[in-house]
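First residue of the sequence shown? That's 1 in the working numbering, and the numbers climb one at a time after it.
Keep in mind the hints are simulated off the structure, nothing from the lab.
Please note: incorrect hints may appear among the correct ones.
[Claimed, not checked] Pairwise CB distance ranges, derived in the manner of DEER restraints: (1) 23 x 66: 15 to 23 Å; (2) 4 x 32: 28 to 36 Å; (3) 13 x 48: 28 to 36 Å; (4) 16 x 52: 33 to 41 Å; (5) 68 x 28: 16 to 24 Å; (6) 24 x 49: 25 to 33 Å; (7) 70 x 14: 22 to 30 Å; (8) 66 x 22: 18 to 26 Å; (9) 70 x 42: 23 to 31 Å; (10) 25 x 50: 36 to 44 Å.
We put the CB at the ideal spot given by N, CA and C, even for glycine.
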Amino acid sequence: MEGDSQAVINMINDLVVVNQEVKIIIDDIKVLSRCFACIFSYSHRSCNSVAHLLASKGLIGLGYSRWTESPPV
1 MEGDSQAVIN MINDLVVVNQ EVKIIIDDIK VLSRCFACIF SYSHRSCNSV AHLLASKGLI
61 GLGYSRWTES PPV
């Protein structure tokens with residue numbers, strides 16, 4: 001699993017102390033990831049522009065949409 005939040009990836013990988021505000025979510029991720037062969041790694045946002053664009057669209061709640069143009073590079 002790749003993520004563009006280095007702070008979250010570091011918490012999942014036990015590289016830093018888990019922030020108490022998100023501890024229950026991080027703990028859930030760790031428990032659920034044991035069901036799969038997961039490795040969590042950091043990937044800069046610019047390396048995953050498609051996922052970033054889709055997540056941004058989800059935040060503004062556009063509802064149903066369809067990709068009709070060339071995917072971003």
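Hints versus structure:
1. 23 x 66: 15 to 23 Å: For residue 23 and residue 66 the Cβ distance comes to about 38 Å; the hint is violated.
2. 4 x 32: 28 to 36 Å: For residue 32 against residue 4, whose Cβ atoms are near 20 Å apart, the range 28 to 36 Å is violated.
3. 13 x 48: 28 to 36 Å: With a Cβ separation near 18 Å, residue 13 and residue 48 fall outside 28 to 36 Å, so the hint is violated.
4. 16 x 52: 33 to 41 Å: 23 Å, violated
5. 68 x 28: 16 to 24 Å: Given a distance of about 36 Å, which is not inside 16 to 24 Å, the answer is violated.
6. 24 x 49: 25 to 33 Å: 31 Å, holds
7. 70 x 14: 22 to 30 Å: About 40 Å separates the Cβ atoms of residue 70 and residue 14, which means 22 to 30 Å is violated.
8. 66 x 22: 18 to 26 Å: At roughly 33 Å between Cβ atoms, residue 22 and residue 66 fall outside 18 to 26 Å, so the hint is violated.
9. 70 x 42: 23 to 31 Å: 27 Å Cβ-Cβ, so the 23 to 31 Å window holds.
10. 25 x 50: 36 to 44 Å: 24 Å, violated
In the structure shown, a violation is registered for the earlier hints numbered 1, 2, 3, 4, 5, 7, 8 and 10, in ascending order.
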